[in-house]
Every structure is written in structure tokens, then in C-alpha cells.
Amino acid sequence: MITKIEIGVKPGLPQSQSATVKKHIYDLGIKSIKAIDHFKVFYFDGELSHDDIRRICESLLIEPITEHYTIDAPLKDEDESIWNVEIAYNSGVMDPVVASTMKGIHDLGFSGEIHVKTAQKYHITGALSTDDKKLIVDKVLMNGLIQHAIQPDEKIFADPTPYQYKRVEVDLLDANDDQLMEISRTGQLFLNVDEMKTIQAYFKKLGRKPTDIELETLAQTWSEHCSHKTFRGRINFNGEIIDNLLKTTVMRVTRELDKPWCISVFKDNAGVITFDDEHDVCFKVETHNHPSALEPYGGANTGIGGVIRDPLGTGLGAKPIVNTDVFCFGRPDFPRAELPPGTLHPRRVFIGVHAGVRDYGNRMGIPTVNGAIFFDDRYVGNPLVFCGNVGLLPKGMTEKKVKKGDKVVVVGGRTGRDGIHGATFSSGELTSESETVSSGAVQIGDPITEKKMTDVILQARDRGLYTAITDCGAGGLSSAIGEICESTGAIVDLEKVPLKYKGLSYTEIWISEAQERMVLIVPPENEQTVIDLFTSENVEATVVAEVSDTKRLQLRYHGDSVADIDMEFLHNGVPQLIRDAIWTPPALQESSFPEPTDLTSDLKQILSSLNVCSKEWVIRQYDHEVQGGSVLKPLVGIENDGPGDAAVVRPVLGSNKAIIISNGINPKYGYIDTYHMAASAIDEAIRQVIAVGGTLDKVALLDNFCWGNTDKPDRLGTLVRASQACYDIAKVYETPFISGKDSLNNEFQVNGESVAIPPTLLISAMAIMDDASKAISMDVKQSGNSIYIVGDTKNEMGGSHYFDIHNYTSNRVPQVDAPNAKKWMQTLSKATSDGLVASCHDCSEGGLSVAVAEMAFAGGKGISLELQSVPNSEKLNRNDQLLFSESNSRFIVEVAPVNVTKFETLMQDIPCACIGKVRADDKFEVIGLNGKKIIHASIAELKEAWQAPLRW
Amino acid sequence: MATVKTLVLRTAGSNCDGETVHAFEAVGSKVDLLHINRVVEGQAHLEEYQILAIPGGFTYGDDIAAGKIFANELKYKLTDQLQAFFDAGKLIIGICNGFQVMVKAGLLPAVTLQNAEQQVTLTNNDSGKFEDRWVHVKPVSKKCVFTQGIEQPIYVPVAHAEGKFIPRNDDVLNELKANDQIVFQYVTESGEPADYPGNPNGSVENIAGICDPTGRMFGLMPHPERHFHPTHHPQWTRLGLKEEGDGVIVFRNAVEYFR
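As they're listed, the protein sequences go chains R and H.
The first sequence runs contiguously to residue 952 in this note's numbering.
The second sequence runs contiguously to residue 1259 in this note's numbering.
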């Protein structure tokens, strides 16, 4: 019998959910809503009496002081004036509330078969047209990919269609090129004709047709997402042949630097470096772009959930300790009329992505300590969501061992039909049809399943119960088991995999990207202990395969062989791509204009620009202090709201040793030259490390390339340029790359034309700091202190915010003079460690003026500046260039009078000069080269300009 | 000195357990961190401990109401052990989600594990969102074991979406006052009652934490374990490093109580 429960907030108490929905509807432009009531709905199916239901409601589902409920009756009167709409998840979509509810019901002593489904019900009053209603449902109340509005005659608990086993073979042995491509396309394999021919040849040699699951396994393993074909291919770059871009740039610099503190690089799920005598730390950043474009909440949710499993699957499993997130979106006020078909509005993407990351990270209890958001309308159809995680790993646990006879154990969540074709889907371009074609790629995460799985994995690790671990990410079990048993072989019994519901085919089981699963390699003697340990904390663990020594991947379904392919072919059979790349130097017009006499409004305008303004609304909703290691928080200063540089975290409580986490990203420079964009991103990430008191001694970098379709020579040319900069700059700074990731094909079809995202490189840095108590924050501390600038200011206005607000262009993109900058940074680090620095801020977007203004209002004190003494090798004669140029490798430093002599002596051989003083009042003033005041404002005005835009 | 044993009790979704263990260890307690299943199964017993701590987190995702499922586990599966623990004069602290658990399990505002009506709750913040921010809280109760010796407001972070304290009715509130059970109130830096964001969730009477009539059961929304190390203070780079964080005394008081 089906019972329906409605739960609502008692009259007179605030309805936060209704208020949020009302606001979102208003933002859509529909202003006729009078009232909204929101109700939580639970459906139960099972042998439950009315009293049972009442007990479940009162003991479990409702909050007795704030909520009331009804059974099988509307909680609030319904009449014609009320529009009544109820939203539920589509069948097969993960609903985390169901699992918790079932657990709660069982705890109350109920057993027997009980099914639960949840929904959200809204009563909406106000004059609304049919179109308005459709808009509200589609744009606010649900996402049609994962949810639907319940229809009056709908069967709430639909029986899943049972699966009838049939071994499927694909007839491609005699197919011609066109037919091969047809097979690739209809099967959503995203394989090109060379790859299809290679597969055809392989099976011709075996003398049999491939099965569907074999093709899926190959497609997934050979996908751009999993095998990085572009980076590992051959490239003809302006006539020069590059064999494997990855090996000749980012990996090469690491090999040549050969730092002893790099423990495991580019081979495991995350890069590993030494932390202290007892621990290593590892770091990984990944993207989840296409899923986030279609379903922002679920896409970002599973993005962060997925990257957490990378450190967890590194070595023998690292404890996740820090999250970092960087997003690229279209402007939140992008005109709705101009939105390309099939895209969600950037504001909705922003809110959804942020909520997804927030809810998963907060529930996992991992602090989100650092991040960035970059807005540009070229991300409207294809937003970028970078999620990063740092893990802490006991020393000596970086090596995995897999041997014949070991058991392959899947732990964590169950397998469902979610995330089918994620890896291949993410390797193709988005189209306005992507929503329908690829909806299986969209998923919702379940952080508590991941959390409890993590808790047990770390115990099993410390008891030495398994010898290898990896995550189920893109490609699911196919990727996880295929990779971890690459050198041995494995025999998998697919029917043993625990399923969320009936009806999955053997192929779906194998390639499902259902979240919150890990794979362990367990010696047979530990099998029962492992299963018992997981069971003891209500986590499922199931043996699904055995390691062999055949170097073959053998899949069975109830004993019937459905796949049998060589590991060697699977992992190394993909034909190397050969591609052309071209690059032509930029030829933007050099804007020429007279210098304004007053630059106050320019400064305010830059502070208010989306890419500079305060992100406090975003940051506050992340728990950035859980796990108790926070040293420098993302918001700093006298009112805890100034923009901190890098984050500093002590991962081992009781020790003062810390890690520094920072990032660098600036796609604006890439419009001019991706070489200098990449160089600047590295410089920015490292600058932040130095600004908080770190040194260049132990800085590890991660690269994340998000590009357009690199089949197109111009897109590939910019990728080559950026990679070359990674080598050049990291080599000089002696900062090795330890891991990375690329996401190509970030393009979106509009009216048949493919629009690429701007080439986007995120550089993430992790550094080790011996003594956290020497960290420096960016807020000014004391009136009377001197303000210095370190570094050389040049006429590098290309891509600057100053040029941006005026729509000026220039080819003079900021470059990095790495050999000199290295010396400046090392000297500044010495000053910091000698205790000479009161505050220090990285000089980046918006230039000197923005950096100093931020320091002033973060510290709650005014500053006077004089531009006369700003060191500049080009002898600049314009105030706007000195104030707003975004030249790299510069820092603003505050020094107390008592330390001035020592500081100046230390800095005497590098470009460094005193340019101002911290004031006792709240005035911010800049005296220009001509001795006249060119900026004057109160710090309150500047702070308001900076805080207002995203104060949601 | 007598050994004081603390049990930090976790379940699926507990996530401040590590720093809570660290806090109790740093003030000299021996600490065990156990999953509730171990106690339910009888592999461990509450009677072996003097202090029980229920750490922060999102137990079971707070998918129903915050802390509800964990609260039911305590209430229905450990009823007798908890009653005996209380009757033996021992201490329980619930922080953040642990506070939510305590009020829903019938451990606060008084120990009433047997089917009593819930008297107070912690519900959605007025701001409608999860917020991580630092707040000043003023000590009020003279009887709470955990806050003895705290004379001035302390500075501690909150990080929650459901922290708005509401009593069932005015009688409950008056009783809390009459019994001196209000332990902490959100205040401004100078100690005056704070509005948002100083009162980060809109709590009635700015209540941030309460104890039971004995002063031995204590729940609070702010995280004393996150202002433990001197570098936790968000402005330590401005104000210099303190000897110890403002939250240390809460844990030390608990351990000292048994010495």
C-alpha cells in the first residue's frame, strides 16, 4: 500500500526554502508571485499500519517543534487559486535521502520490505500564465535531466524492467570506414576511424567479432578523458615535430629537476611529495565540466566527490584533508534572450555548482580552503568546474602490489545505471542535444556513503589488509579494474557486483560510473576480515573478481564469457594521433588614449569587476576550518573579510608544519598569447605561496588544461604554446609538476557553429612550510608602517582589468622574467622568515592599485602612496600604467619602522622601493608622477565597491 | 593523577572527530574514538569512560533533520547505558551536530531518554544558508561544568546551516533561565547582544549553548575545538599568538572535573 506524507513548516515560522524559491522566480523576471509554500513529501510502499506511519513521522521524519505533517491528505487546503506542483527524481537517479530514511526506519525496529521515495511539493499563488509555469518548473524547481513533475496518474513506485541476458556481438569485421564510424557514433563510442580500424584489425586477428562490452571497454580506455591522446600524440607545430607534448614539457621539467622530495609523480591518481618524517602529501585537481553544464548541482557534486577519491586511491590510500575549487562561468547577469539553446543560464550554473561543491565538501568534512571564480561570456555554453583535493599519506605507503589469486573487492556505493558513457561523453563536444543524448552521464552524489567508505578504508589501510587501491571514476569498474590489473590480468564475474536496482545489462554494470565506489586488491587470507570490517560500519564490500596472471581482461556474466582482450592491446593499442598545430602571434590593435587626470573611479570600477570583487558569499558557505588545521583562512583582516592569498593548513594536529595551497588562472592573457598566460598562471600560484611566507624550496605544481577541440590546428597551437611555458618557467623556478589533467573538446554548438572556451590553464601549487606560526596575512597591520613594492612594473597592459573596463586592447601581455623573479622571491622569503614583514600581498589582477587598496580595507587603515619611486625598468611616464599594469612577480609589502633598515639592506640588490605609508585615518590616496593627487577615496568606499557586486 | 577516559562517539557523517580527539588528548585525557556500532554491539561500554563527546559533522547527511538519525540510535539503542552514564555523574558534550543530536535524543535540556517530548530544537539559520564565521559568545551559566572560569566572551567559529535555537514555548525558555541553563549567548565584541551576523543564525535570546540542570550535559553550536591552537584565531597575524586558543578551557574543565 502506498502512503503519502506531507511535511511543512508550522505556521508563523520562517520558510527558508520557500523564500529561496521565490527569489529565484523573481530573478527570472516573473514578479506576480504572491506566496509559496514548500512541503517535503515522502511516499512509502510496504506493510505499514497507520500507527506505524505515524510513529515513523513523529520519531524520525519531522522536527516536532518546527514542523507538522499529514498522512494521505494535503497539509494545507488546496483550491483553484493555488498552483500545486510536485517534483521528484526520475527513477534510477540517486536520492541520498532515501538511504538515510531507510536506515532510520530500520533503527526504529521495522523490518520487511519497505520502499521510500521523496518529492518536493510547492503551493504557488499568483497570476501565472502557462508559459510562466513551464518556465518556473524548468528553470527553478527542477532539472528535467534528473527530475520530473509528478503527474496525477503516475505510478510512484515503478517496477524496473527485468534484464534478459543476451550476449551481444558487434559485426564490424567487414565494415568499411563509413560503417565503422557509424558504429562508433551510434554506440556513443567517440572513437575516430583510425581507432576503429585498429580495433577491427585486432579482432580480425583473433578471428571473432567483438562483443558490445569489449568495444565499450576499449572506447572508454582510449577516450581522451582517460588516455590523453592529444598530449601523448605527435604534433606538427609550425613545422616542428613534437612527439608526446606531455613528456616533452610538463613531465620533462619534473624529470630534469629530479627533486628528492617528489615521491610519486604522474603515475598514480595524485602526485605525492614528502611532508614530514612520518607523512607524505598528495594533490590532484580534476574537472567536471560537461556534467556541470547539464546539471550544475549534480555535476559539481560528483566532481568534488570524484576528486576526493583520487588521493583516497593514491598509493595505499591518503586521507582527504583539503579541498580547493575553481570555477569559470559566464556573467551572472548574461542577457537571457542571448542564451544559446540547450544551455542553462550562467547564474543558475553558478548557484548550482557552488551548492554542489559546498554540500559534498561540507558533508565529507573536508575544508574548502582556497579557490577562484573567473567570469567570461565564452563559458556560457561550457562552464568549467575544477575540483581539487589534498591527501595525507603515512610514509612508505605509495606503492601498490597486485598478484595472482588476490581478490578484487568493490567497496562503497552500489552500481546503478548512472553515469553511463561519462568518460566518452566528456571527450566530445557539447551540443544543444547533449541534454537528451547524454543524460545518463549526469549524476547526483551521496557524500555520506563516500564518508563512511573513507572512514573504513583508512582503518583497513592502517591494518595492512589490502595491497592496492584505486578509485572508480570515469569508466567505472572498467577503468578501475582494467588499470589496477593491467600488468597481471583479471577474471571478473559481473553478476557479483551489487546493484541499486534490477535490470542492468552486463555492459551497464561494467561501465556504470556510479559514484562513491573504490576497488581494493585484497590477499585471499584477508578477504573475510576486510568484508567484516566494512560491514561493521554499514559499508558494503563485495568480491567481484580475481587477479590472474594471463595479462588478459576476462569478463564473465553468470559464467558465460562476455569479454576477453589483451591488457597490452587495451592499454597500449590506441594508435598515436598525428595532428597539425599552428600558432600565429597576436596582432591586436594597440589602443591609444590620453591619460585621465583622476583615476579614483577607474580603481573602483576594477574593484567592482566580477573577476576582482569579493567572493565572500561563496566562501562563507564552505566549511573552511573543519579538521582543525586552519592557519590562514580564505578571508582575513580586521573584519575577517579581506581577500587572503594562499591558504595555510596544518594537516597534523600538534605539529606546526603546514602546507600552502594556492592557484593561478588568468584566461584573459590567453586571448593574446597562451605562452604568457601559462607563465603568468605559474607565477601567480607561486607568488601567493611566497606572499604568505612560503619559499621556493618545496613547491609542487599541478596543471589542468581546459581547451577547445584540439583537432583544430589553431586550438592545438595554443595548447603547445602553453605547455612550452610550463616547461620554461617551472624549470627556472625549480618547481616540478607532480600531476595534471586535461579536458579538451570544451566547445559548444550554436547555430551549427562551434564556439570554443578560451584556452584555460589552472595551475595549482602546494608548498611545504616548516613553521606555520611564521605565516603572513595580506591585511595592513599598523599605521606608520611603510609600504614597499617588490619587483619591476612594466607597460604590460594587455589583458589588464584597466584595459578591460575601457575596452582597450594591447599585445603587451604580462611576461615572466623568471631568472630575476626567482631572485626577488628568494630574497623576499628571507625577509619574511627573518620576521621583517608585517603583511604581504600578491600583486595580480588590477595591478598595484588593487593590491594596495585590498590591503588597506582588509586591515581597516588608510594608505598614502607616491608613484614617483615605483621601480620600473622601462621608465614609465604614465600613472595609469604604474597603477594598473599587471606585471608579474610583484609583491606589496608592509614593514614596521623598526625593521625598515634591515629590510632595505636585505632588498638592496633587487627592484624594491618604499612607495607609501599606512595612515592613521581611513583615507586612501595616491600621488601621481606629477605630484598631484590622482586617487582619493575612503577605504569604506573602496571596500563597498569591492563587496557589492556578489553580495547575494 | 587519575586517568580520565573520553569516548568520542562517531557514526556515518561525523567529521569533527579528529580535532575533538586531539582537543581531549591535548588536555590530558585518554581518548577512544569509536563507531556507535561498537557500543551497540557491546564491544565497548560507556561505563568505561567519564566523558562522552559527540562531535560535529553531518551525521547521515542531515538528510532528514540535522542529527535526527544519530539521535534515534542513541535514544533507542543506548538508552540504558546513557541513563547509567548520566546517573553516575559523568559528562557529555555535544558540539554542533552533536548538540543537535543531544536535543533530539533527549539529553538536553534535561536527560529524558524515555519518550519525552522534545523541548528545544536547532533549525534552519535565518540566513537560509550554511555559514562558517567567527562569533563572540558570552558565558552565562554559573553551573555548567565545561565553562567554569570563563569570565569574558570567547571567540569561536560556527559552521552550520541549522543552528537557530528555538524552545518549544516560553515556559521552556523561562525554565532554562530559571535553572541557569543558558551557557553561551552570541554577543558583539564588547559583550552586547548581537544581531546578524554576530548572532549567526537568529537564535532565540541569542542562545549558542545550553546545559542540563546539573551542568554536566552540555551542547553548543560553536566549535571550541577549532579555537584550540593559537594559529586558529582568524586574526593571529594581527594580534599575535595567544598562549592557547579560547576553546581549550572547555576541554580542560571537563578533564579537571574528574581530578
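I should point out that these hints are in silico values taken from the structure, not numbers from a laboratory.
Hints may contain errors.
[What the hints assert, rightly or not] If we take Cβ atoms under 10 Å as the criterion, some of the chain R residues that face chain H in the derived model are:
no. : residue
1   : P11
2   : I62
3   : P64
4   : K103
5   : S111
6   : G112
7   : I114
8   : R358
9   : M364
10  : I366
11  : W617
12  : G637
13  : L653
14  : D779
15  : A920
16  : P949
For glycine and all other residues, C-beta sits at the position ideal for the given N, C-alpha and C.
Here's how the hints hold up against the structure:
no.: 1; hint: P11; result: violated, 14 Å
no.: 2; hint: I62; result: holds, 7 Å
no.: 3; hint: P64; result: holds, 5 Å
no.: 4; hint: K103; result: holds, 6 Å
no.: 5; hint: S111; result: violated, 14 Å
no.: 6; hint: G112; result: violated, 18 Å
no.: 7; hint: I114; result: violated, 15 Å
no.: 8; hint: R358; result: holds, 7 Å
no.: 9; hint: M364; result: holds, 7 Å
no.: 10; hint: I366; result: holds, 8 Å
no.: 11; hint: W617; result: holds, 9 Å
no.: 12; hint: G637; result: holds, 8 Å
no.: 13; hint: L653; result: holds, 4 Å
no.: 14; hint: D779; result: holds, 7 Å
no.: 15; hint: A920; result: violated, 16 Å
no.: 16; hint: P949; result: violated, 18 Å
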